[in-house]
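**Student:** Sequence:
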Amino acid sequence: MARKILSGGSSRREFLATLAGTLAAFRSPADGAGKNISWALSLGLWGSLAPAPFTEILDVMKDTGFSGIRMTSFPGCLRQYNLTLPVLHKELDRRGLRIATISFGGPADDPSQQEKIENNAREALRFLKEFGATELVVFSPGRVPKVQVPERMQIACRFYNHLGEVAAEYGFRAGLHNHLDQLVESQDEVELFLRLIDPKRFHFAPDTAHLHLAGSNVVELFERYADRIIFADFKDAKLTPAARDLVLPNGNTLKAGSAGATFMNSIYDLGDGEIDFPRLTRILKRRSYKGWICVDLDYVRSSPRDSFGRSMKYIRGKLEPIYA
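According to this note's numbering, the sequence shown is numbered sequentially starting from 25.
The set of hints was computed from the structure by calculation and includes no laboratory data.
No incorrect hints appear here.
Quick list of in silico lysine to aspartate or glutamate cross-link-like pairs, DMTMM-like style, CA-CA up to 25 Å: (1) Lys342 x Glu247; (2) Lys337 x Asp322; (3) Lys170 x Asp205; (4) Lys153 x Asp83.
Ranges of calculated distance between the beta carbons of each label pair, as one might list FRET restraints: (5) Pro345 x Glu247: 12 to 22 Å; (6) Pro174 x Arg119: 42 to 52 Å; (7) Asp296 x Ala74: 17 to 27 Å.
Built from N, CA and C at the ideal position, the CB exists for glycine as well.
Take these sequences, add in the hints, and give me the full structure.
**Tutor:** Shown next, in the form of structure tokens:
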């Protein structure tokens, strides 16, 4: 595996990077001609809710004005909702919807696991290509003690450069999604990752809530690195410790004072938290960003239809007048 990662001349790498960028630049916007931003929502929210048919999830998505979905827990989500490719095509097409990407990941800092991750990535890329997607969102490995972060980051980034080449073979760009309790969590870790990675081969897919709750300056990171963003999660947040246990609709209880309860209680509908999305949107406009933005809600205080509807109202009232 190490030989594969390090082999291949720069000309091949440059060709694959150019190919992926060219295909992405000419893809059709999901929301119709002339749109720069296509808005997706994440399937992840329904993991904390009472079980619902996949068709009901798609109806919420369409009715609230979103045009794409990020499939989380792939490929398990296909089994969970009893989805075949023909059924998925049929249900998406009848509503005029698309798959934006999946949530992909693995222990990239463990060389013994990298071949398996690559094989899984190829499976994911074939699936996404079937539905016209062009970006692969990659979550970083699990958290390690801070003293180990630099060495683990070196290992992971060498592999991510290779994974970017793999994605380019399918006409895709791949980018890293930062996350609490993972290897790339804090601002210094995000910036270390971006220094180590080859920007022609692997990219950035930031999550605003996870940046904010990790203590990062979200606006500053967007200002510095917007030209490396290929996908983004606009998720609002405000640190709000849970005063009481959170009983989730799926029957699980998160104890007050636990990390899970504090995290869930700190996630808000767009516009209700502390993140300056109008400013982030202006930054993306200056960089002529074209692609997906995913509204990812881990927790809703009312219902998915209400929260995603409120979030889309905020998008149309506050963000689309800036850049659509």
